[in-house]
Every structure is written in structure tokens, then in C-alpha cells.
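Respectively, the protein sequence lines represent chains A and B.
First residue of the first sequence: 1, per our numbering; consecutive thereafter.
First residue of the second sequence: 426, per our numbering; consecutive thereafter.
Hints listed in this document are in silico derivations from the structure and should not be mistaken for laboratory results.
Quick reminder that beta carbons are idealized off the backbone N, C-alpha and C, glycines included.
Honestly, I wouldn't trust all of these hints.
[Unchecked claim] Only pairs whose alpha carbons sit at most 30 Å apart, straight line, appear in this in silico DSBU-like list of lysine-lysine:
(1) Lys-664/B <-> Lys-266/A
(2) Lys-454/B <-> Lys-313/A
(3) Lys-180/A <-> Lys-586/B
(4) Lys-664/B <-> Lys-261/A
(5) Lys-458/B <-> Lys-318/A
(6) Lys-88/A <-> Lys-76/A
(7) Lys-458/B <-> Lys-321/A
(8) Lys-664/B <-> Lys-180/A
(9) Lys-288/A <-> Lys-458/B
(10) Lys-660/B <-> Lys-257/A
(11) Lys-321/A <-> Lys-454/B
(12) Lys-669/B <-> Lys-197/A
(13) Lys-458/B <-> Lys-311/A
(14) Lys-583/B <-> Lys-313/A
(15) Lys-586/B <-> Lys-257/A
(16) Lys-586/B <-> Lys-311/A
(17) Lys-265/A <-> Lys-664/B
(18) Lys-407/A <-> Lys-378/A
(19) Lys-458/B <-> Lys-320/A
(20) Lys-668/B <-> Lys-180/A
(21) Lys-261/A <-> Lys-669/B
(22) Lys-589/B <-> Lys-311/A
(23) Lys-266/A <-> Lys-180/A
(24) Lys-266/A <-> Lys-586/B
(25) Lys-288/A <-> Lys-664/B
(26) Lys-458/B <-> Lys-120/A
(27) Lys-288/A <-> Lys-669/B
[As the list claims (entries may be wrong)] Covered stretches of chain A (chain B as the covering partner; in silico rule of three or more C-beta atoms under 8 Å from a C-beta of chain B):
(28) 168-182
(29) 263-273
(30) 302-309
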Amino acid sequence: MNLISISINHRTAPVELREAVYLKEDEIQPFINLAKENQLKEGLILSTCNRTEIFCIPGKEDLTHDKIQGLLLKYKTAQNISEENFQKYFSRDAVEHLFSVATGIDSLLIGDNQVFKQVKDSFQLAEENHFAGYIMHRIFDAAIRTGKRAISETAISEGAVTVSYAAVQLTEKIFSNLNKKTALVIGAGETGEIAAKHLSERGIGSLYVTNRTQEKAEKLAQRLNAKVIPFSEFRDSIHKYDIIISATSAPEILIPKEDVKNALKKRNNNPMILMDIAIPRDIDPATKEIDYVFYHDLDSLNIIVEQNLAKRKSEIPKVKKIIEEELDNIWGWYNSLQAAPAIKDLREFFEEIRNEEVEKNKNKFASEDQDKLDIVTKRIINKILHHPTIELRKASESSSSIDTATKIGIIRDLFGIGNKKSEKD
Amino acid sequence: MISAIHTINILLPFFYFATLVVYYYDFIKSEKKLVNIKRVFLFITLLLHLIYIVLRTIAFDHPPITNVFEIFTILAITISFSYFLVELVSDIRGTGPFIIILPFIFQLISSLFIQDLTQVKDVLRSNLLGIHVISALLGYSGFTISAVYGFLYLVLYKDIKLNKFGLIFNRLPNLEVLERLSLYSAVIGFISLTIAIVIGVIWLPIAFPHFSYMDPKLIGTTLVWLLYAIGITTKVLGKWRGKKLVMLSIAGFTVAILSTILSNFLAQSFHSFY
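Model the full assembly from the supplied sequences, consistent with the hints where possible.
Structure (C-alpha cells):
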């Protein structure tokens, strides 16, 4: 298969270089047009903050990795990027690489779900821009199926692998129904925002935000449909919250143990979760000694993250097995698009129909005519298949293999003749 | 029919053991395909157990409720059936191995010591006895399940507090659910035990004219009933919750077991039927 791919990713290049070649959504379409002008017939462009990937089927035989790479660097006018910053793949390796990206095993955060969505989006973009032909389309479908299988058949995407998500997951091990709970997020910085977002996505009953700069809290609250309480007042009301997540840059302790003790009394020992994801810490660690208080800081949340990452890593062999299966599948299909076996299958298919009909009807003919029936029907089939056979032979000898494969693929699809593997798809 | 009963009697502990192994394996590995397989195992075991009880009842002309070893086999089936329902209705997974180990133990003891009893004391041939025993068994099954969930609550509570995020943390349902399951099973157990006591009190003077109010069975059962009554009342009033409540449930269960052993095997009680 004449599939070429180049990849610049978190393993091959630091973030500034990845940024330099990052293609924004509105840049992809012009780039596809440029690619088409430069003899790239079909392809796929995937660009995220962690990677930029180009997969393509060239229209001309002499198109190389270097030329595609040059095209990208010229388009982005990126400098300081050298040969080593790119990984290059060809044919089966390129498909395998695409599958690895789609399943998330090639990601910085193993099993990252986000990348699967990005791969799907980039497929759509290729299709909208008429950059995906018959073969490419088939590869897309296989990549999506591989990604879905990895998610459903393995635990590659299971468990929280970020601290703020681990905090929410831990919360769900204590409370059964977050929509009856009230949460307070202290600190409207990036970490606080992510934690608040997770809580809101998990359907928290009511969400409060507080921040030293009130304005920042208000902005965040507006985005998440939360309520704001003034920073100077939150300490008086901590008994109202089932969950408190603190992520400020305050150098001092904001919630002392005594406050929590009193709050718990007011709550009649109704459990409280305190997540301190700030450095230095905002909540007195001694609060963990109080019954029905679940205090966790970065260290303890990191234990969960590390465990989940290790678990995801241990799932990689299973995902690789799925990738191997899907590769064999698509390869079996692709090989069936060679001219010789296709002509044979096509002839066998017609012969089978002819034979069946002759057997079924020959008793309607006089016995001396039955041989003639056989000869005449054979002649009809031969005449029908004469032209397609010649055309297929010619195609396989002259033009590019992708064109031949496309033609054969369409014929197989039209008549419904394929190898068993592709029928299953 | 007798030989079929004997064969199933030997087979049942093995079936429970196999089911326990599948549940335990699933707890460790958590593979998606095992979810249905383990339920099939439990279902087949339950079915075989039901056939066994029906056969026994027909062959020996009485339901197997007249002595401790007969009752153990009933206890095994009621606990596993209750758990089967909990799993189907609540879709709560991960607690199976901790529950199923109990029917396995009960059935094992029963299978080892049960006898082909055709002669039943006249005093045990009463319609009231049937209801008394069934409600008492439901009560004890409820307390057993409540204690197991209470125990799991304590383990998970401790693990979360101490940042131990192992198998228990990953597989068990959350604390609120465990507390609720423990409470609900205790309430069902309590109601059933109340019915058993009421019927027992009606039946007692008829069956045993010379009974004593200081009989260990009566004292033990009253104590158990009081413990659960206190627990449920404090919960309803919103005074106790979580750890305290589940500890009370575990205490209630322990007293219930001790009282049963004491009154049936050790002490002189009207309730010793073995």
C-alpha cells in the first residue's frame, strides 16, 4: 500500500517546535488544497497540541517523506526543525501508526480519549474537503473501529489520570449521588477551574466558587453556572458543603482543623470531603484525624493517578493485539484488490450463477439440447466478462496501484464478492 | 429419589465453591465477560439447591426446618437468593465474594451433618412453626447481609482514610451505597424477626407448657431485637450514621450467631432441636 506518513509528536520534538507546525482548524483546509496541488491524492491531517500527523497516498510514485515534510515546513514557515523531529512511516507501518494514535497508546497520557475524538474530527475534515478516496475511507473506518474496540475491550482509558479528575473519582467512592451534594471550590486558577468543571460535568447538586479576587470567581461561576461567595466569608459557612476542593496559591493555611471540627458538629457528623490540591497546602492536614472527614492532598491523589497510569500501561499489549488483528483484516482486504485474484474471483462468481441456473433448468430442455445450453451460457458469460477482464489487466500494468485497487474494490463491492474478512466489516 | 438427594447434598458445597471462585476471580480481574458468567453460576447453583429442598420435603414428608443442619441449608439458599436479587436490582458489583462465602460455609456444614430424618417430633408439626421459621430465617439472612455490608463499609472507610487505593477501593461500591445496603437489609431483617418473635410467643405456651422466661433463647433473641431496634431508631432520628451504625449491625449479627449456638447446642433450652 502506497501510504506515507510523517509525525512530529511529544517524543520527537519539544513543545515550541510542535507549536511551530501546529495547524489550526482554519489552516487545515488551505493546507489540504496545497497538498492536492502537490500531487497528494488522498490523505488525513491531524494536528493537536501534542502532535501533527500527515497521512497521504501520493498521486506520483516519486513523492517522498521529505517532500511532504518540506511542504508542511514551507506552509508554516517553521524554522529550527530538523530531520530528527519527524518520524516517518510507510505502508503497513503507517496504518499501524494511525491505529496506535487512534487508540491512545501513542499519547503522552496513555489511553487519552481526547485523541480518538480528534482523529475522528480530522477524518471528517478530510471527507468534507474531498481528500478521502475509496482506500483512505476504508482505512478511516478501520482506525475508528480499532479505537472503539480498544475502549470497549480493554481498560486502556479507564481510571483518572489527572489529579483533579482523581479528586472527583475519589469523591464518587464516598458519595453515591453527587446531584444531592453541595461543593465549594476555593481558588479560580487553572487547577480550581478544572476541578470545578469536573464536578459540574458529574452533575454536582450546587456548586460554589470563591477566590481572593472576586472578579475572577465571578467569571468562572458564570461559565459553570455556579454561585459565588466572598472570600472573606467562606470560612463561616464550610459546614454547608459536602465537598471542598481547594487550589489557591495562598502561602498560609486557609481552613484550620478547629473549623472543620466545628463544621462537622453542625453537620451532625454528615461526612465531608476535603481535597487540598494546592502547593503549599490550604487545609490543615491534621483534619484527616477527624471521623467522617475525608482529607486528601496532592500526594494521596497522585497515588491514584500513578496506579491508574500503571494499569493503563499494562493494557497496552491487549491494545496492540487488537491493532494487529485490525491490521491483518485491512491487509487481507487490500490484498484482495490485486488484479489476478480479483479476475479469478469475478469469473468464479459468474460461473457459479451460470452453473446453478443451468442445473436448475436443464430438464426443461430435450436431452440432445442440454449440452448446447451449457455451451451457449458459457459463451454469454465469457462475452460479458471479456471487457472487464482486459481493463483490469491493463490497469494493473499501467497506472498506479491505488487506482487499480480502487477499481477492483468498487467491482468487488458492486457484485458483492470479497474475501470473508471484508464481508464481516 | 433418596440417592438423588444424597448426590445433590454432596454436589451443593462444590457448586457454591465454584460460584465463589468465579466471583472471587472476577473481583480480582474485573473482566467484562465474567459479569454474566458468574451470574449463570449463581443461578445454576440456586436452581440445584431449590430442587434439593423440594426433593427433601417430598421424600422425608416435612420441609427441612426442624433442626439446625436442615435450617443451615435453607439459610444458604435464602442468603444467596437475596444476594442474587440485590445484584440484579441494584447492579452493584464487587460485593459478591464476601456474601457468597457465607452460603458456602452454611451449606458445607449442612451437607456434612444432615441426616435423612423422617421422624419429626410432634411439637414441630405445626402450621405456626412454618411461618415462625421462615420469618426467623429471613430475619437472620437480612442481619447476615447487613453485617457483611457493614464490614465492607468499615474496610473501605479505613482504606480511603489511609490512602490505600487497592482492590477494595477499586471494586467496591461507594460508602453511601454500602451504608444504605447494610441499613435496608437490617430493616428487612428486623421486621422479619419481629414477626418470628410474635408468632413464637403465641406458639410457645401451646407447645411447651413449662417454659421459662429466663430461657437463653428468649433472652438472646430479645437482646438481638433490642440492638437492631436501637440502631434503626437512632438512624431514623438522624442521630447515628455511618461507622457507628454499621458497627452496631455487626454487633447485632455476632450476638445473633452466639445466641443461636448457645441455645441450640450448649445450654438447656426448649429451642434445642438437635
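Here is what the structure says about each hint:
Simply put, Lys-664/B and Lys-266/A have alpha-carbon atoms about 12 Å apart, close enough for the 30 Å limit, and the pair holds. Distance restraint check for Lys-454/B and Lys-313/A: the Cα-Cα separation of roughly 16 Å lies within the 30 Å cut-off, and the hinted pair is therefore satisfied. For the hint pairing Lys-180/A with Lys-586/B, the CA-to-CA distance comes to about 23 Å; that is within 30 Å, so the pair holds. Proposed proximity of Lys-664/B and Lys-261/A is supported: the alpha carbons are some 17 Å apart, at most 30 Å.
About 15 Å separates the Cα atoms of Lys-458/B and Lys-318/A, which keeps this hinted pair within 30 Å; it holds. Distance check on the hinted pair: Lys-88/A and Lys-76/A sit about 19 Å apart at the alpha-carbon level, within 30 Å; holds. Under the criterion of a C-alpha separation no larger than 30 Å, the hint pairing Lys-458/B with Lys-321/A is consistent with the structure, at around 18 Å. For the hint linking Lys-664/B to Lys-180/A, the alpha-carbon distance of about 20 Å falls within 30 Å, and the restraint holds.
Using a Cα cut-off of 30 Å, the hinted pair Lys-288/A and Lys-458/B is violated, with the two alpha carbons roughly 39 Å apart. With a C-alpha separation of about 27 Å, the suggested pairing of Lys-660/B with Lys-257/A holds against the 30 Å cut-off. For the hint linking Lys-321/A to Lys-454/B, the alpha-carbon distance of about 19 Å falls within 30 Å, and the restraint holds. Distance hint between Lys-669/B and Lys-197/A is unfulfilled; the C-alpha atoms sit about 34 Å from each other, more than 30 Å.
Under the criterion of a C-alpha separation no larger than 30 Å, the hint pairing Lys-458/B with Lys-311/A is consistent with the structure, at around 19 Å. A C-alpha spacing of about 28 Å is found between Lys-583/B and Lys-313/A, which places the hinted pair at or below 30 Å, so the restraint holds. Restraint check: the Cα-Cα separation between Lys-586/B and Lys-257/A comes to about 16 Å, which is no more than 30 Å; the hinted pair holds. Proximity of Lys-586/B to Lys-311/A is assessed by CA-CA distance (about 22 Å); at most 30 Å being required, the pair is judged to hold.
Pair hint Lys-265/A plus Lys-664/B holds up; C-alpha atoms about 12 Å apart against a cutoff of 30 Å. A distance of roughly 25 Å separates the Cα atoms of Lys-407/A and Lys-378/A; the hinted pair therefore holds under the 30 Å criterion. Our distance criterion of 30 Å between C-alpha atoms is met by Lys-458/B and Lys-320/A, whose separation comes to about 20 Å. For the suggested pair Lys-668/B and Lys-180/A, the alpha carbons sit about 21 Å apart, so the restraint of at most 30 Å is met.
For a cut-off of 30 Å, the pair hint linking Lys-261/A to Lys-669/B stands: about 18 Å separates their Cα positions. In summary, the hint linking Lys-589/B to Lys-311/A is supported, as the alpha carbons are separated by about 16 Å, within the 30 Å threshold. At most 30 Å may separate the alpha-carbon atoms for a hinted pair to count; Lys-266/A and Lys-180/A meet this at roughly 18 Å. In summary, the hint linking Lys-266/A to Lys-586/B is supported, as the alpha carbons are separated by about 21 Å, within the 30 Å threshold.
Between Lys-288/A and Lys-664/B, the direct Cα distance comes to roughly 22 Å. Compliance with the 30 Å bound is thereby established for this hinted pair. Using a Cα cut-off of 30 Å, the hinted pair Lys-458/B and Lys-120/A holds, with the two alpha carbons roughly 28 Å apart. Restraint check: the Cα-Cα separation between Lys-288/A and Lys-669/B comes to about 18 Å, which is no more than 30 Å; the hinted pair holds. Given a C-beta distance limit of less than 8 Å, the hint that chain B covers the region 168-182 of chain A holds, as 7 residues qualify and 3 suffice.
For the region 263-273 of chain A, the stated coverage by chain B is satisfied: 4 residues place a CB nearer than 8 Å to a CB of that chain, which reaches the threshold of 3. Residue count for the region 302-309 of chain A with a Cβ under 8 Å from a Cβ of chain B: 3. That meets the three needed, and the coverage hint holds.
In summary, the numbered hints that this structure violates are 9, 12.
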